[in-house]
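Add chain B to chain A, keeping to what the hints say.
If you read the protein sequences in the order shown, they are chains A and B. No gaps in the numbering here: position 406 of the first sequence is 406 in the working numbering, and each next residue is one more. No gaps in the numbering here: position 38 of the second sequence is 1038 in the working numbering, and each next residue is one more.
Don't read these hints as lab results, they were simulated from the structure. Any given hint could turn out to be false.
Some chain B residues flagged as far from chain A (calculated, every beta-carbon gap over 12 Å) [to be verified]:
1) ASP1030
2) PHE1034
3) ALA1037
4) PHE1038
5) PHE1041
6) LEU1044
7) ILE1047
8) VAL1048
9) ALA1051
10) TYR1052
11) LEU1055
12) VAL1056
13) THR1057
Below are the EDC-like pairs computed for lysine to aspartate or glutamate, each with C-alpha atoms no more than 20 Å apart in a straight line [as the list claims (entries may be wrong)]:
14) LYS68/A x ASP78/A
15) LYS617/A x GLU655/A
16) LYS1094/B x ASP389/A
17) LYS640/A x GLU52/A
18) LYS617/A x GLU734/A
19) LYS193/A x GLU1088/B
20) LYS346/A x GLU658/A
21) LYS679/A x GLU667/A
22) LYS746/A x ASP717/A
23) LYS190/A x ASP1095/B
24) LYS1094/B x GLU142/A
25) LYS753/A x GLU693/A
26) LYS617/A x GLU738/A
27) LYS737/A x GLU563/A
28) LYS753/A x GLU721/A
29) LYS1033/B x GLU1099/B
30) LYS190/A x GLU1092/B
31) LYS193/A x ASP1095/B
32) LYS193/A x GLU1099/B
33) LYS753/A x GLU738/A
34) LYS1033/B x GLU1088/B
35) LYS1090/B x ASP1030/B
36) LYS190/A x GLU1099/B
37) LYS711/A x ASP672/A
38) LYS193/A x GLU1092/B
39) LYS141/A x ASP1095/B
What you are looking at is a predicted structure, and each value in this text was computed from that prediction instead of being measured. From the three backbone atoms N, C-alpha and C, an ideal C-beta is built for every residue, glycine too.
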Amino acid sequence: MPTAFPLPSDLSPATVTNTASLLRIVALSLISGAAIASRLFAVINFESIIHEFDPWFNYRATRVLASKGFYEFWNWFDPTAWYPLGRVVGGTVYPGLMATSGVIYNFLHALNLPVDIRNICVMLAPGFSALTAWATYMFTKELKDESAGLLAAAFIGIVPGYISRSVAGSYDNEAIAIFLLMFTFFCWIKALKLGSALFGTLAAVFYFYMVAAWGGYVFITNMIPLHGLVLILMGRFSSRLYVAYSSWYAIGTLSSMQVPFVGFQPVSTSEHMAALGVFGLLQIVAFTQLVRSHVSSKQFQDLLFLALVTVGLLGFVGVVGLTYKGVIAPWTGRFYSLWDTGYAKKHIPIIASVSEHQPTAWPSFFMDLQFLIFLFPAGVVLCFHQLRDEHVFVIIYAAMASYFAGVMVRLMLTLTPVVCVASAVAFSSLLDTYLDAAEPAEAADDASETASASGSNSGSKKAKKATASAATPGSALGDIVAAATPAKKGEKVKGIFGLDTRLAIIVNAFGMLAFFVFHCTWATANAYSSPSVVLASTNPDGSQHIIDDFREAYYWLRQNTPETAVVMSWWDYGYQIAGMADRPTLVDNNTWNNTHIATVGKAMSSSEEVAYPILRKHDVDYVLVIFGGLLGYSGDDINKFLWMVRIAQGVWPEEIQEPNYFTPQGEYRVDDKASTAMKNSLMYKMSYYRFAELFGGGQATDRVRQQQVPKIGPTLDYLDEAYTTENWIVRIYEVRKEDLLGRDLKSANAFAKGKKRKRSKPVSRRRAIVN
Amino acid sequence: MPPKSAPAANAAPSSAVQTLWKAYNDSTSDRLKFIDAFLVFLMLSGIVQFAYCVLVTTFPYNAFLSGFGSTVGQFVLTASLRSQVNPENKNEFKDVSPERAFADFALGSIVLHFFVFNFLG
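Looking at chain B on its own, in the form it has when it is part of the complex:
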């Protein structure tokens, strides 16, 4: 997610972005960084698909929707997983242990991709 902050802050002094980047690097565990890398990949994939849809063609609209829905859905499910396993949110998710969070994530992804696959063609 951090790269997204770059366009939002381009008007601000670049020091603010640098502070953010530094704070992020310092205070985030490797596990969360790994999840973040996946999130960035998903976002790039979604942007490419969307650009293709806008610039080239929407023709198999259901295929586009399922592909785009797959990235968006996977993104939010992963982001949910990230916030559930984030130690800072521990008091918010009292009933969701990290293992439970991963099981939920896996189940949600399976259901999501079942529908994606069904809608694809």
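The shape of chain A in the complex, shown without the other chains:
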């Protein structure tokens, strides 16, 4: 048998197996190491700090859990959030993340390892990314073989699409949810393959963990039934499907209702009805199969079929009827926005206002997945070649997740695992084909070609590692390659000849891998590792300059205000204020009460006179705004201002109108030409108060909007500037109390400045005398 390169022939099969499994373990641990290490850029470049917005709440809740115990956390009512309403935290939170950290914390302390809770929170996401790599390995192994599994693990370990949500310090639900997603899917595939209730139960338990950890569990709730339904429609119903699905659904649904935030939703909302419907359908189909196995009469089978269709129709009509009657809640707005991308903007501006809910721009697919994005379709096509039950699953998953990732930026996260899996299948098929040392037999005729190829495989080291199924995709790819090149004669032997052809492909493939690693490292280091609480800029000499205005302001609040001082800000900063400044806030990132947010939006977007009563009624002591005009920080409140206007307009359409904040030409300006409503709004005044003074008489320029700000800036009568940070990013204003003499604050202010109380009045009187 000719080979392209010499192979060692004196190895026993046992040695090969042992070496292969040792190599697999070493490779998996190296992948875990790489996955954890590449997420540490954030800690090395900055510090061990909690990132962004939501993680601050999770961190705060975890601290409560760690210090006061689980029951205290479960019953925690937080009076400082959503002042004056408060928030029942235990019932409005997915507790999986905090519980996980709490368990780790208590475990380490039981071992006398006094690790700080903050470090556990910071390092949780990198730690779980290693587990995700392992779960993806297991999943892909079921699909193809171990080598594809290792590739998939390596891909998911460093792919930016997943790193973007799981760097050290990104202490959010997604940190553990992707591991749970992949592991639930692995258990499901395994249960389906074996027909094992054990794996069905395991899938249900991990599904429960997922429900407790992330709202995205609905994805699993609909993926698995969809898979089951497609299998039934393909005529692939089997008792294994019945066992796997029934055990998963029965236990999973009951367990998901244990999470207080989910409650009775699994039996009362439309999102969960698909799972229930497929469950019912499976029972009927299974029963039919059973009866059919006992009776073979044609007449009876027809009757049975009729009964089946009737029951199915009745069930469907029943669900629709119950939905209309209101027993089953219809789809929520968040769900509609998945089908109609314009829906949220029209009806629920608060969802549309979040940047991660916007449709995905196409470059971000490449940014997040790099070369995987064009291997992905190849992998899906290879799944069609085998089309076992688990390949159907991957195909459905790929189709669904691709759609959702196109609709919403944050759902890129659910696409990433299947991209890694499919790409790994494609890439490892390529390697299987081109690393195989066996040369095609010269005189083989077409009929025996494939047989001899797979037969000769057994001699090579590669094929010993691979299972029997591995030979199929290799030859499938070979068929595609052969079909692409026009065959001159029917008896032409297909296959890869010589070392040079192999080298050309393999070197290219490894080149792509190298570029992928390079890109991932670059994207992680530069794009995804910023804590966004601490900003970094580069000095002219190349050194790093840290901009720490947020913490400066929050610590100022913490140290200079009474503990009960209520701080109003736009909801984005609610969690951070609660976490770092430890002060009550009006609204925060748990946007559950639209009216309350609209109230804040109204206060920000109306004039001082209108806003003041709102502030006083809500006991607001300090107002905090983010202003990036001095530094060029584009994520500031003036850029978010239109959303405040829109949300306020949704509740008070007659008082706040969005067009008033544009110039007559329809431009959004902050300079001289800004509209009156804009110039009078509290937000504008607070942002640009005394801004022009900073330029010492020169032309004041807003560096975000690149506009010249008027030299005479706005004046404030109802607020006092309390604190402005070093780079002016955070500005804090104190709300004045009512005037002691009962005047309105505007005239009191005018009096204090030495202006006459009402200049026009004496003039007219004098005029009256003259006349």
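This is chain B only, laid out in the frame that chain A set:
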């Protein structure tokens, strides 16, 4: 499960049902019949609970859900066990021996009833 076929077939000639019943009696082992008896009991229990929920009250809704979920869950787990130990399905469940099937059944039931108990009140 067989009694369920009675309403489905009431429009058909009763001979079809009789054939079914006879075929079932003849071709099913005692072990499977025992499982079937349990299934029938579970189904009756579920129907009673559901009727109570619809006719009387849903008031402790979580108690109803856990009770009903317990019967439904136990039903499907038992039905799974039945199909796994059924000799006719031997080639479908290559990796699941009857002993393994019973162990899976026991574990699944324990997990199920842990959640049932937790949700009950």
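Cross-check of the supplied hints:
1. ASP1030: Answer for ASP1030/B: holds, closest chain A Cβ roughly 16 Å.
2. PHE1034: Non-interface label stands for PHE1034/B: nearest chain A Cβ at 16 Å, farther than 12 Å.
3. ALA1037: It holds; ALA1037/B is separated from chain A by about 15 Å at its closest Cβ, greater than 12 Å.
4. PHE1038: holds, 15 Å
5. PHE1041: About 17 Å separates PHE1041/B from the closest Cβ of chain A, which puts it past 12 Å; holds.
6. LEU1044: holds, 16 Å
7. ILE1047: Holds: least Cβ distance 14 Å, greater than 12 Å.
8. VAL1048: holds, 19 Å
9. ALA1051: Given that every Cβ of chain A is farther than 12 Å from that of ALA1051/B, nearest at about 16 Å, it holds.
10. TYR1052: holds, 16 Å
11. LEU1055: holds, 16 Å
12. VAL1056: It holds; VAL1056/B is separated from chain A by about 17 Å at its closest Cβ, greater than 12 Å.
13. THR1057: Its Cβ never comes within 12 Å of chain A, the nearest being 15 Å, so this holds.
14. LYS68/A x ASP78/A: With a Cα-Cα distance of about 14 Å, the restraint between LYS68/A and ASP78/A holds, given a limit of 20 Å.
15. LYS617/A x GLU655/A: OK: LYS617/A and GLU655/A at ~18 Å, within 20 Å.
16. LYS1094/B x ASP389/A: holds, 16 Å
17. LYS640/A x GLU52/A: holds, 17 Å
18. LYS617/A x GLU734/A: holds, 15 Å
19. LYS193/A x GLU1088/B: holds, 18 Å
20. LYS346/A x GLU658/A: At roughly 13 Å apart (the allowed maximum being 20 Å), GLU658/A and LYS346/A satisfy the hint.
21. LYS679/A x GLU667/A: Answer holds: LYS679/A to GLU667/A is near 14 Å, not above 20 Å.
22. LYS746/A x ASP717/A: holds, 5 Å
23. LYS190/A x ASP1095/B: holds, 11 Å
24. LYS1094/B x GLU142/A: holds, 16 Å
25. LYS753/A x GLU693/A: holds, 18 Å
26. LYS617/A x GLU738/A: holds, 12 Å
27. LYS737/A x GLU563/A: holds, 18 Å
28. LYS753/A x GLU721/A: With Cα atoms ~16 Å apart, LYS753/A and GLU721/A stay inside 20 Å; holds.
29. LYS1033/B x GLU1099/B: Holds: LYS1033/B and GLU1099/B sit about 18 Å apart, inside 20 Å.
30. LYS190/A x GLU1092/B: holds, 14 Å
31. LYS193/A x ASP1095/B: Roughly 9 Å separates the two Cα atoms, so the pair holds.
32. LYS193/A x GLU1099/B: holds, 18 Å
33. LYS753/A x GLU738/A: Distance of about 17 Å is within 20 Å: holds.
34. LYS1033/B x GLU1088/B: Holds, at roughly 15 Å.
35. LYS1090/B x ASP1030/B: Holds - the C-alpha atoms of ASP1030/B and LYS1090/B are around 18 Å apart, at most 20 Å.
36. LYS190/A x GLU1099/B: holds, 19 Å
37. LYS711/A x ASP672/A: holds, 9 Å
38. LYS193/A x GLU1092/B: Given pair LYS193/A, GLU1092/B holds - Cα atoms ~10 Å apart, limit 20 Å.
39. LYS141/A x ASP1095/B: Status holds; Cα separation ~18 Å.
Of the numbered hints listed earlier, not one is contradicted by the structure.
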